[in-house]
Every structure is written in structure tokens, then in C-alpha cells.
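K.L.:
Two chains, each in its own frame: build the complex with the hints.
Chains as they are written, first to last, in our numbering: chain A, 1 to 501; chain B, 1 to 532.
One should not assume that every hint holds.
[Said to hold, decoys possible] Straight-line alpha carbon distances no greater than 27 Å define the calculated DSSO-like cross-link-like pairs of lysine-lysine that follow:
(1) B:LYS184 / A:LYS304
(2) B:LYS377 / B:LYS490
(3) B:LYS490 / B:LYS321
(4) A:LYS439 / B:LYS184
(5) B:LYS391 / B:LYS377
(6) B:LYS391 / B:LYS476
[What the hints assert, rightly or not] Quick list of the computed label-pair ranges, beta carbon to beta carbon:
(7) B:GLY215 / A:TYR417: 30 to 40 Å
(8) A:GLU107 / B:PRO248: 54 to 64 Å
(9) B:MET221 / A:GLU199: 35 to 45 Å
(10) B:LYS52 / A:GLU464: 26 to 36 Å
(11) A:PRO488 / B:ASP208: 23 to 33 Å
(12) B:CYS497 / A:PRO449: 29 to 39 Å
(13) A:VAL300 / B:THR77: 46 to 56 Å
(14) B:PRO248 / A:VAL300: 18 to 28 Å
(15) A:VAL300 / B:PRO394: 52 to 62 Å
(16) A:GLY463 / B:ALA17: 21 to 31 Å
(17) A:PRO488 / B:HIS225: 29 to 39 Å
(18) A:LYS304 / B:HIS225: 34 to 44 Å
Calculated directly from the structure, the hints in this document are not laboratory data. The beta-carbon is built from N, C-alpha and C at its ideal position, and this holds for glycine as well.
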Amino acid sequence: MDFVQNFPFISIILSLFSGPLSSVLSGKWAKRVNTAVIVVIGFLSAATLGFVISTGQAYVYTMGHFPAPWGNEIRVGVLEAAMALFFCVIMFLSMLGGIREREEQIEESKQNLYYVMVDLLLCSLLALVYTNDLFTAYVFVEINTISACGLIMIRQNGRTIEAATRYMIMSLLGSGLLLLGICFLYDLTGHLLMSNIKEQVGILAATGSYHIPLVVALGLMSVGLAIKSALYPFHAWLPDAYGYSTLSSAAILSSLVSKGYIFLLIKIFYRVIGFEIVKESKVIHVLFVFGIIGMIMGSVSAIKEDDIRRMIAFSSVAQIGYIYMGFGLGTAEGVIASIYHVVSHSATKSLLFVAASGLTDASGKSPRYRDLTGAAYRNRLAGVAFTVGSLSMVGMPIFSGFISKLLFARAAIGHHYKMLPTLIALAISVVLNAVYFMKTVIRIYTPVPADMEIAAGRTVPAGEQPAKSAALVCFIVLNLLLGLSSEPIINLIRSGLEMFG
Amino acid sequence: MDELLLLPILLPMIGGAILLMSSFWENLREAGTVGKAGKAAAADKNNETRPKMRAVHAATMTTLSVSAAAALILAWTGERSLTLFTLLQDIPVFFRVDAVSRLFVTVVSVIWLAAGIYAFVYMRHEGREKRFFGFYLLLYGVLVALDFAGNLVTFYLCYEFVTLLSFPLVLHSGTREAVMAALKYLFYSMCGAYGGLFGIFFLNRYCDSLSFTPGGTLGAMAAGHQGILLTAVFVMLLGFGAKAGMLPLHAWLPTAHPVAPSPASAVLSAIIVKAGVLAVIRVVFYLVGPEFIRGTWVQYAWMTLALITVFMGSMLAYREKVFKKRLAYSTVSQVSYILFGLSLLNAGGLTGALLHFAGHAVIKCGLFLTAGVFLYKFGYARVDQLTGMGKKMPVTMWCYTIFSLGLIGIPPTIGFVSKWHLAEGALQSGKIFGALSGLQGAAQSADIGAFSWIGPAVLLVSALLTAGYLLPIVLKGFFPGEEAHGMDLKREEPSFCMLMPLVVLAALTLLLGIFSEPLICYAEAIAGQVLP
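With the rest of the complex left out, here is chain B (with noise of 0.2 Å):
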């Protein structure tokens, strides 16, 4: 028992909770002396407020740090667990934290803080600054909830209140587009966390305990009910897949990440889609267990799925020309290729699929809080417009090419060391370049086929695409050739609050890729304790 655990989490929602309820009354004094002249009073209280905004600033700012060290300082210190109450007869919400969480809540922390800062700027020219930064700690209590629930009942708890938090950065314009994309964000979340409830109330029957052990607690129970077992599933990664991105629930991502606002689809394509991705693990290998999905329709199944969605994520964003747009299809398609590392079911393709939550993560957010960048310089929200950028914002630029390197997967980034340990995984479990390489791994997996090489083959044709959908834009920037002509050329580097955190992700970026030895070390570790 450790009372300690709930710190982080506590903190932050009591900070948003008294962020939210001063918005709130704010609103309501508003509200009774709106007329004629109300919006030109709210443009000269926009002035006036500052400073008090400031002081919201520091408030959130030191909200966040300190439970962000609160979190991590928590997590790498020693095992540690909670019970809090009991739900219902044998379902208590439980809190505990192993190797996962420690990735996870080290991920999330980082990117919460680095937009955190961003916003700060940004978030001016959007207006309802306090919303904002209420819901955003309210988002980072319960995601650290989310990383440190001990099983699987808490998880789902935690996973709704993601969804149903998240969804007012969505819709915080409130133009009717966000609120349709809003809404459709929550009606495909809603459904796939239903769909994962489904997948819940099967375990809970069949599994000798909710709560998470590496390997899965898949018991004697389970005997001669495969067949709705995998279903179940199956039904649980499509529900959780929505979340991730993944093909038959993904339509919600494009729509929704454009319209919020640029540090909020940071987060979204960073943090909040990783959600999924958690859920896919804890179930998979930590409740279900990897050996029973192993060689099943379910496994082919989701390979199958994961790497249509690789191919046709890239495929669209290759083709979209609004800048946002174009990274959330990056997102449905990066995400999938860790979706396809964990459906490989071996420590070749689970490590990749760590790497590649990290690595992912910060280039992401990186990327979307360049976006936001040029959209709050210039307005600019389509691609075409980003000509001879690289003039104007050299630094900016400069992290964008190292993103975009990052996610292509060139060294020495961090996406390198991923993408390579993914196709790594990929070949292990084949029967030639198993037997071929002699490593460890060929042993322990069965042999998946043809998919061996056509994952990798995909996932080189993905790589291929994400050059071509990312790079033209630094050509064009650096290089506007002929259009540059009668164009103000005149440096125009955002301030330092918005340019400081992308320097350090994309600085991180290049050390993760670099000095990768630790990370990789701590991804197999994981590894082996969940495929013993």
C-alpha cells in the first residue's frame, strides 16, 4: 500500500478542477452583461488580463512540474502498489507499477511538459485559455491514472475518463466543425471502449484475475472456450485499435486532429492515441497472454489489419494537402507499424514496438507543434503555402527536417533504431531468416509465413512514402527557387516559448537515436519478462 501513488494523480485534477470552476464563473459573469458591446469588452479584457493570465501560467506550470516529478520519481523508485476501494465483489481499483508504466508515465511526462510550454503562446490566439489548461491537467492526472492501473477494471475506468477529457480540447474553437469532430472523436472512442468492455466482461470469467501479470492470467477455465475467447479479443484490439488508429475505427483521427487546437492534436497524436496502444498491451500480454494468441486467425487477422493501415495511412497523408491532415494520416499509419510489432507476438517485434512508442511520441508532438507554429506566424494551414519557410524560421525548419528524418527512419534518429528493430522482429519469425540469422527469437515464435517479409517489404514501402509526403516541404522551404521572388524573406522565429520546446524534442530525437543503448536495453528487458 502506497498512498503515495496518488499524488500525481490527485494533484493535477485538483489544480484543472480549480482552473475549471474560475472559467466556469468567469463565463457566468460574462454571460450576464453580454450585449451589443460584449465583444468589443471581451477584446479590451483580453488585454487587461493578461497578467492574470500569466499567473495562470505559473499555476499550471508548476501543477504540472511537480507532479510530473512527483510521477517519476514515483515510478523509478521501487515497486509500488495501491488498492483503493473495491468496486464491485472482487474488482477493486487497483493501482500498481511495473516496467510499462514506467516507459509509459516517463513518455507522457516529457510531452505534457513540452506542450505545456508551447501552449503558453499558442493557446493566446485560441482564446479560453483556462479551459484549456483545466482540462489539460485534468488529462495528465487521469493519464497517469491510466499508466499506473494495476488492472484491467481501473485501466477501462481511467481509458473513459481519457476520452471523455480529451474531448473538450477537441471541440475547444466550438465552431460546428469541431464540435461535429468532437463528436465523432467520442462516438468512435465510445465505441471501441464498448467493444473492449465486451472483450471485459469475457476475461473476468475466464482469466484467474483482472489484474496484470506478465505472461497473462489466462487459466484452466479457458479450456474448450477458444473459439469465443479469440473472438472476444479480437473485439477487444478492434475496440482498442480504435483509439490507436487502427483500420475499421481510424476515421476519426483525421477528422479530429486538425480541428483542435495545435498543442491539444500534439498530445492527441502523441499521448492520448498511445492510450490504445496500452490497452492493446496490457491485454494482450499481460492478461490474454501472447502464447494463446500465437498462430490464431486472431494474430493473422490483426497483422493483417495493422499493416493495411501502415500502407493506406501513409497512402492518404501522401496525398492530403492540409498540412494537420497530412500528420494525422501520418499518425494512423505510424501508430499501426507499433501495432504490427506487437501482433508479431515475439521480443524482436514487442521491443521495436517500445522504441516506437517513444520515438513516435516525441516526433509527433514535434511535428504538430511545428504545424502550430506556421498556423500561429502566418496562418498558414496548407502545405503549398509553407514555401521558403526555411528562410524565414531557420531553426523551426531545422527541427522540422529532424523530425521528419526521424519518422522516415534515417539515422541517427531515434525512428531508425525503432523501425529497425521492428523489421528485425518481422524476420525473426520467419522460417529462412530465422534459421538464417541463428538469434534467439527464431526459436521461441512460430513461424508466421509470408508475413515475415511482408511486413518489412511494407514497411519499407510506408518509409518510402512518409519521405515523400514529409520532405518536399523542407526542399521547398530551404529551396523556394523561382516562388521566392517578391517574397519577404525576413527572419521570423517564433518566441522562445514555442521554440524551446521544439528544439528539445527534436534534440531528443537525435540523442535518443544516438546513445539508443539504454532504451533498447530497458524495451528488451520488458520483453523477456512478459515472453518468458
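Same shape as in the complex, but just chain A (with noise of 0.2 Å):
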């Protein structure tokens, strides 16, 4: 056993550990800390790649060399090794960019509890990347809830609080329905070890028994991850939660932790019952109404929106309409254009969020429309940033925006009935995503009129904070990375998803 394969477990323990470190440390010294964990796993996460790509195959460990049902055991392929990887740059970049917010909106007593939930954050969603055991991955989407939660709580204001009441409603229950499916499970088949499950439940559907119970627990534990990560009709939390906390809470929780349980659905999929058999249940087909509701519904929001923060957030509602439209498709294609959404997505919308602070912090910290207006002379970078982050999300070629909707009428060309429908939303969503987005741009390059005067409107010059904008740098040569070079990722996700089968 090469010494490589322990790396995903120590970056699940070394951020794990850091959270109670970073209790008693002060606020830098959290923040130190934090920034280093969140860099070394960032490394190790590289080193697993490296080696599972050489290898060519996924590994199981197993913890202190206990067996299964005694021991608890992680599983690691391509796949997951590139998501952690990819989790680890885009918190690295989200945290980067968001220092100025977190200083001036968090208490200074608080500072460092803020990291507490950041490192526990990393290490739950980690622990749903790599997990191979349901209970273990159910008890680290408790965690990931609860410093969610806190996350968007920390900025003391009546908002935030509602918005995280909130969050912690909906969120329990996704958590509840997660854990009755789970139950279910264990009670059809008598494992929690997803390999093992996977067998019993091939059996029972070779078998045609339990067919009944088994739907029910797909469908549950389907539903319970979609409204945690905001599917259309469950996604109320969500505005608020993005749209008041802070900004590293923001662009972590709408390209991180989403994700994490989209990702822990896609196991689900692939690893827990087998995508055969989801295939041919009616959960895809319900996933896939909801998709394409969301899709359209999300978008309609946030034309309404006169708020930025609260438009990119509904924008947010449209997109996971994308990627669980992808899964409805019910083919492998489908899942490699939703799980490239899922990369696509997180490196637009955290660049959306720190963007779209850039130009508020121009304007007087106001997010209304009105006062963005000339805000991209004001603050070069982020203004070009942010139509960097539209244009992609309005699927511009060389974009990473395009990429990703072409792979999703890729996936949906020849597919007998649900072609036409998924075609068409994919057009009127995208011309709906170019009437706010464009309309932004256009906002934030109109100079502003003489006889009107922007409260507190003053120019931020790049150098200003140069975390954020060496953050925005990044973003946007991810972004430009991920739309011209597609072809290296989409393999890569395409062998990742072979190895989970």
C-alpha cells in the first residue's frame, strides 16, 4: 500500500481537527490556520489524483484496517479526487476574496469561530466525496448543516438570522427525508456499506421483490438532497441565505455546499442502487419536471430581482434546474454534463459573488440596481470579472458556460420523448439568463448621468484589495481554463464515473 492512499483520510482528519484547534486560537490565527488546511488538502487532494490516474483505479481504505461492517471505510476514485481537489481551489479562491467582508462584518470575538465552521465545512464535505459508507455520509450532512448554518449566521443582522432559521427548516427536512430513506434501506437490505448495498439491492431487483419500498427510498432520499440543494420548488431558503451573509459564506455555499450534496446524490445513484435500476424508476422523471421548472422559474425570479446579490442567487435556483435536468435524462451523458455543470457553475458563481461585491464596494455597499450604475469604471477588475462570469453564464462561447449547455443538448439529442422538452427550456432559459445578466452589464458600464449622483460612489482602484483581486484574477482564468480546454475534464469525468460503478 503506497503511503498515497492515506492522504484522503488525513485531509478529512486534519481539517476535522483544526475546527476545535481554531476555538481556542484568536481570529489571525484561525484565519492562518484555516488558509493553510485548506491548501495542504488542496496538495494531498492533488497527489490522490495523480496516483489514482496513474493507477487506473478507484481504492478502497479501510480505517485501522478494520473490515466492513465493523470498520468504516472511504472509497477513492478519479472522481473524487478531482472534486476534492476542485472543492479545495474554489474555497481557497472564495475565502481569498471575501477577507475585507469577513473583518468588517463579523464581531471581532467571532473571528475565529467563523473558521471553526470553514474547517468543518471542508472536512464534511470531504467526508461526502470520499465516503463509502451511507451512515458515515448521513452524519457529515448533518455536520456540513449545522456549519452552513453557521456560516450565514455569523454576520449579526435580523436578516441573516431569518435566512438561517430558515435554511435550518428546509435543510432538516431534506436531512429527515435523507435519513427515512436511509432506514428504508437498511431495513430492504440489511447494509450501510454503499458496495454492499448495492448488491442486495441488485438482488431484490433481479428478484422483483420490495420493487415498492425500494422506488420509495430512491425517491426520498432524491428529494431530501434536492431541496438541500435548492431544486426549484423546495429553493425559498435560498435568497436569503446567499443573498445577506457575508461573502465568502455566500460564494462558498452556492458553489460549495450545493454541490456536495448533489455529489452525494450522484453516489447515491451510482454506488447505492445502481444506475440501471434508477434509470428505470420514475424518480428521474420527477427530477427531471423539477429541473426544467427550475430552470425557467429561477430565471423569471431573478429578472425581477432589483437587488444583485439576490439575482444571483435565484440565478443559482436556475442553474441546479441544469444539472438535476441532466440526471433526469437518465444517460451517462446526462450525469458528465451535470457533474461539468456542477465544476462550470462553481467557478462562475463564486466569481459572480466576489464580483458583484467588487462593484458594490464602488457604490457604497448598495446592491440595488440603481446605484451600480457606471459601477465597472469605477472598479475596473470587478466589472470585467462580472461580464466575464455573465457571458459565461449566458453560455458565450470560449466561455465555460457554452461548454456545459452544449454537453447538455448533447446528452439530450436522440433521447426519444425528453429531447424536444429539454431543448426548448435549455433556449428560453438561456435567452431569460441573457435579459439579466446582459441587463447588469449593460448597468454597470452605463456612465452615469449628470444629474444623477451615486450615495458614497467612490473608484476602487485594484491595488485597493489586493486579496480580491488577485482572487477575481484567478476565477476568471478558471473560468476561460474550464471553457477552452473542456476536453482533458469531460475525460476525466467520464473515467471517474466508470470507476464508480
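P.N.:
Given below as C-alpha cells:
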């Protein structure tokens, strides 16, 4: 056994223990520890990824060498390692972009608590990505929820407390459904380890026994995770949570937390139930319909919004809709498109949040449209970054969004009855996206008319907040990278999915 | 592989980017000093910076001429192709020069140079010249790339960028009206482009390859999927038709053209709108193949839409009183002549369409530049203000007269030649006329029924309307009659830089009409290639 194989486990433990450690440190030190942990885990994940690619197969790591029913297992393949690496990159950049906001918006005495939450969040994300045990997954889902709540609430104003409460209620509902689903499965199969469950489910499906409970369990888990990742009719918690929390929280919540749950759902589809059985169940049709409605309704809500951050938040609802639509197609191509969209959307959405905050900085912290007039002239880098993000969202070629839309369309073509709805929904949603993103881009590039006074509008040079500027530049590069060299990433996802089976 | 192809694409883009950067820096420095005194200082600065502007003009002109020369030389000397990189599995970004590219890139370059020279003077009163010329150069690069594009995805990429980069030209003045018009343009174009994208998804699956091949690449995969493919092609026609101002999505044209600065409206009307035409040519003749559409509901729907647009555009232009808006409606009508020619799917129609493409580009560019002269010199935007113009600026008015005759289709202008071929193409497809004329074309193309005579009839009526909305200006201009009393009829020709492009374009209108043989042969050769 190679030493590299320990890395995923070390990553999880490292982030898990840095949390409690940070609780006794000062805010400044907690920040340093947090940054160091993210960077180290990023390197560890990269090494793991390299290892898995070179061996070409996934491996199972038993903790403390206890075999499965008693011990705990994690399983590492290309997709898991790549996701872990990607999550670290996005988290690092999101934290980098939001330094100033955290200092301003979080009380001095609570600074270190924020980093405790982030550490725990990272830990739970890694665990969700790597674990091979359904119950462990559930435990970390809960940890994820609690720390996400903390991230929303730590900026103390009335709005965030309300938002956190909403998030808590919806999220716990989701966890409850997930737990119920897991209980059903445990009841049916007598196992909690993913590979064992899959074996048993295969036998059940072959004999045709317990068909309905099986579908119910799948449905419960899907809907539970859908609520937690804000699929359309369950998205009520999202705009406030993303719109009013501090910048890093919003970026992390939108690009990582919801994506962690989605990744877990993919795992459940492939590693717990088996994709063949999922395909035959009607659950994916439900996800498909919700996804399509979400794509359109999310954009409609975003068009009506007057607050730039809430607008970006609503756009997330639409993008999550894309992802579920990809699952709903029920083909491997669809899932590949969804996973690529997870990556592309994470990179773009956090970019948009950071860029939007750069623009509001230049407009007296006001997120209203009127005050953002000409903001791109006052903060050039943020203006360019926001434009890049918008173009990517709208699906302009050379940015990442275009590739994911192309992949969705390719996956849909040839599907005998879902093809037309998918393509039409894609077309409508893209046009709607164009409406609100281009509206904003134009607004920020419109020169301020002479008779209009922007309250506290001021020029923000790129050097004023070097961290944010650096984060923006990295995000832009990441976006172009995803858009221009999508081929290797798609191959990576494809081989990762094959290893999943 | 021929990396030289990148030269005419990248050179203007780099030049444009540099200009934009420098304009951005200036804005930024000004933003720092904006105050109550800002306006007065700006006016002062305007005078001071004239020599600097001259340098900008010189730089723009050099970049433009070098890239135009490069583009033309590369296009007309041999077959060239270049694969840049692979975007997705089996979808490369790929450029190739073929017969259609040559024609388009030549027209684009001529128009771009003419309108560019004109703009050096005209843009003085619009301000923000650096920004204008920055985008002007960038757009030229993208258009060359669009003409050279060798497969549909590359084409789509450039097509989107044409929309995106022409958008700042529309909102140049930055007034609320201009911004709203530009938004409308963006919205229509994007809707249209996504209609096109929708079709690309299908073609990607059913075509053997997305590379443009004369006659189409629709393979065996398509068998049994005609229904869905025809729908997809129709959506593509509607989508790309939006850019060309075809019926359901034409409304952006009359809104966006009048608010843009005149050189910008000239290139919008002459070139940008034709990007939609090029898209339709590429899709129908180079991917799907004319055989696939011939005789289906798509052909009939397309012809109907094109004819309605021809008629309606002329009608609306006839009623419009604002000069540039009238010209914009006229563009709606005239570009649909081209689309109608294409929709006939026979050699005559395609030849006529290509001729009308070249002719209309030259003529409409000239007309918008004339309208710009009136705006620039006197601030006259309405048609009824133009009385007596022929006395004040005879040369301009004579150019306008030639353009008008060209657009109506009176010999010896290029407009006559192209409309002749269009009508002939339509008649060829008919049973009676085809048999009578005994032309080759009659045998190859299916009977399109009543359209073979409705088409020419509509074209004729529309030509009458064209005369109706263009010629009164000539009459009133040269013969103001009673109204001339008390009018100041001093000679006031515009400066050389503005006049020269007008004269050149007018001369082209005549020369292309008189010596039309090479152009006709070239268009017929293209038609022969794609319609075997």
C-alpha cells in the first residue's frame, strides 16, 4: 500500500481537528490555520488524483484495517479526488476574495468561530466526497448543515438570522427525508456500506421483490438531497441565505455546499442503487420535470430582482435546475454534463459573487441596480470579472457555460421523448439568463448621468484589496481554462464515472 | 495548415484592443477629475486633442488597410485552411477559405474601408472616437473570422462575437434611447443565435460533419428523422433570420439603426445584417443541402416569410418619415430579397441572392452615409427637411440619386442585375415559364407552384414602393419649387473625407452594374458548386 493512499483520510482528519483547534485560537491565527489547511488539503488531493490516474482504478481504504461491517471505509477514484481538489481551489479563492468583508461584518470576538465553521464544512464536504458508508454520509450531511447555518448567521443582522432559520428548517427537512430513505434501505438490505447495499439491491431488483419500498427509498433520498441543494420548488431558503450572508459564505454556500449534496446524490445513484435501476424508476422523471421548471422559474425570479446579490442567488436556482435536468435524462452523457456543470457553475457563481461585491464596494455598499450605474468604471477589475461571469452564464463560446450547455444538448439529442423539452427549456432559459445578466452588465457600464448622484460612489483601484483582485483574476483564468480546454476535464469525469460503477 | 490566416483576424483585434485600453485609461483619469468644471474642461480638451485624434485615425486606417489587404490577398490566392484548437471532441475551431468566403470578405473589406474613412470626420460630433474605432477594428477582425469559418461551431462562435461587438456601436451615444435600442438588438440577436444553436445540436448529431461542404453533409443518420430535422432547420432559419431582419424577429432593425452613429448604421445595414444571410447560406447549402429542403413545408414557409417581409418592409419604409428609419425598413425589405432568392434553392435564385448581397451592401452603405451627411451638416433627420438639398450639395445628392436608382433596380446599376437574376430564378422554378424558357434550371428544380409568379410580382411591387420612398427626396432635393423661396441655397458640400467614400460607392454601384459579367460568372460558379 502506497503512502499516498492515506492522503484522503489525512485530509478529512486534518480539517476535522483544525476546527476544534481554531476555537481556542485568536481570529488571526484561526485564519492562518484555515488557509494552511485548505492549501495542504488541496495539495494532498492533487497528489491523490495523480496517484489514482496513474493506477487507473479506484481503491478502498479501511480505517484502522477493520473490515467493513465494523470499521469505516472510504473509497477513492478519479472523480472523488478531482472533486476534492476542485472544492479546495474554489474554497481557497472564495475565502481569499472575502477577507475584507469578513473583517468588517463579523464581530471581533467571533472571528475564530467563522474559521471553525469553514474547517468543519471542508471536512464534511471531503467526507461526503470520499465516504463509502451511507450512514457516515448522513452524519457528515448533518455537520455540513450545522456549519453552513453558522456561516449564514455569523453576520449578525436580522435578515441573516431569519435566513439561517429558514435554511435550518428546510435543510433539516431534507436531512430527515434522507435519513428515512437510508432507514428504508437498511431495512431492505441489512447493510449500510454502499457496495454491499448495491449488491443486495441488485438481487432485489432481479427478483422483483420489494419494488415499491425500494422506489420509495430512492425517492426519499433524492427529494431530501434536492431540498438541501435548492431544487426549484424547495428553493425558498436560498435567496436570503446567499443574498445577505457575508461574501465568503455566499460564495462557499452557492458553489460548494449545494454541490456537495449533489455529489452525494450522484454517489447514491451510481454506488448505492445502481444507475440501471435508477433509470428504470420514475424518480428521475420527477427530477427532470422539477429541473426544467427550475431552469425557467429561477431565471424569471432573477429578472424581477432589484438586488444584485439576490439576483445571482436566484440564478443559482436556475443552474441547479440544469444539473437535475441532466440527471433526469437518465443517460451517462447526461450525468457527465451535470457533473461538468457542477464544476462550471461553481467556478462561475463564486466569481460572480466576488465580482458583485467588488462592484458594490464602489457604490457605497448598495446592491441596488440604480446605485450600480457605472460601477464598472469605478472598479475596473470587478467589472471585467462580472462581465466574464455573465457571459459564461449566458453561454457565450470560449467560457465554461457554453461547454456545459453544449454537453446538455448533446446528451439530450436522441432521447426519444425528453429531447424536445430539454432543448426548448435550454433555449428559453438561456434567453432569460441573457436578459438579466446582460441587463446588469449594461447597467454597470452605463456612464453615470449628470443629474444622478451615486451615494458614496468612489473609485476602487485594483490594488486596494489585493486579495480580492487576486481571487478575481484566478477565477477568470479558471473560467477560461474550463471553457477552452474542456476536453481533458470531460475525459476525467467520464473515466471517474466508469470507476464509480 | 496556414497560420497566415490568423493575420487579418488578429491584427485588427489587437489594434482595436489597444485603442479600447487607451480609451478606458482616459475615461478613468477623467472620472477622477469629474466635477462641476468637468464639462467645460472636456470641451477645451476636445480642441487640444485633435492632433492626438489624428494619430488615432492614422493608426486605425493603417491597421485596417493592412488587414484588409492581407485578408484579400490570403482569400484570393489559393485554398487555405487552419485548425486552431479542439473545442470539444471532434469539434475543432477551424477556418477555411472557399468561394463564398472570398465574396463576403471582399465586400466586408470594401465597405469597412469606405465607412471607416467617412467615420474619421463624422465621429467628431459624436465623441468618444477611440472607443468607436476600437470596436470598429475588433468587429472587422471578427467578421473576417466569420467569413473564413470552416465549420458551424466556429461560425457560431464568431457570430456571437459579431453581435457582442457590434452592440457597443449601437449604444455609442449612451442616451437612454440608444441603450434601450441596443438592448433590444442584443435580445433579438441572442434569441436568434440560440435558435441557431438549437439547430446546431441537431445537425451535430445527424450530419456527417459540421464542416461546410458544398451540397451538404446530411448523411444516412438522417433517414427517418426528417420531421424533427426539418423543424430544426426551420428554427435555424428563423433564428439566423433575426439578424437578417426576416419577419417574426425583424423589429430590432428599425429601432437600432437610427440611434447608432451613421457610419455604424451603414455597416450594420450593409454587413452585420448579412451575417445572418451568410449563416443561412452556410446552413442550407453547405450543411443540410438544398435537396433536403426542396419541396418541403420549410421551403414554402421560408418563401412566404421572405416575401411578406419584402412587401411589409417596403410598405413601412414608405410610411416612415425619419430618414434613417426609412432606410432601416428598406433594409428589412431588401435583405429579404436575398433570403427569397436563397429560398428558391435553384441556381438562378442563388446567383441573384449573391449579386444582391454585394449590390445591397454597397448601395445601403452609401445611403446611410448620405443620411449621415445631412445629419452631420445640418442635423436634419426627417425626410421633409431635405427640400432643396440638391442645390446645397449637388454631389452628395447625385450620389444619393444613383444609390436610389440602384436600390429600385433601374439599369445600368447593380440593383438591376441582381433583381433580374432573382426574378429569373423564381420564374425558372415555375412549370410554365420554366418549360417556355427552356433553361437548364427548369429541369433541376422542382415546381414551386404559384410562388414562381407571386415572387416576381411581389418583388416588382416592392420595387415600385422603393421608388416611392426614395425618389421624392431626389425630386424635392433638386426641384424644391415654391418652398425654395427664402431658403439659403449656398453650396455646402461636406469635406473630402466624407464625400470620397460616397463617390466611390456610387461609382461602384454603376460600374458593378455595367461590367457585371465577372461578378455574375463568379456567383454562377458558386451556384454550380452547391447545386450540382
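K.L.:
Hint by hint, note whether the structure agrees.
P.N.:
Hint check:
no. : hint                            : result
1   : B:LYS184 / A:LYS304             : holds (18 Å)
2   : B:LYS377 / B:LYS490             : holds (13 Å)
3   : B:LYS490 / B:LYS321             : holds (25 Å)
4   : A:LYS439 / B:LYS184             : holds (11 Å)
5   : B:LYS391 / B:LYS377             : holds (14 Å)
6   : B:LYS391 / B:LYS476             : holds (10 Å)
7   : B:GLY215 / A:TYR417: 30 to 40 Å : holds (33 Å)
8   : A:GLU107 / B:PRO248: 54 to 64 Å : holds (58 Å)
9   : B:MET221 / A:GLU199: 35 to 45 Å : holds (39 Å)
10  : B:LYS52 / A:GLU464: 26 to 36 Å  : holds (30 Å)
11  : A:PRO488 / B:ASP208: 23 to 33 Å : holds (26 Å)
12  : B:CYS497 / A:PRO449: 29 to 39 Å : holds (32 Å)
13  : A:VAL300 / B:THR77: 46 to 56 Å  : holds (53 Å)
14  : B:PRO248 / A:VAL300: 18 to 28 Å : holds (22 Å)
15  : A:VAL300 / B:PRO394: 52 to 62 Å : holds (57 Å)
16  : A:GLY463 / B:ALA17: 21 to 31 Å  : holds (23 Å)
17  : A:PRO488 / B:HIS225: 29 to 39 Å : holds (32 Å)
18  : A:LYS304 / B:HIS225: 34 to 44 Å : holds (39 Å)
The structure is consistent with each of the numbered hints, conforming to all of them.
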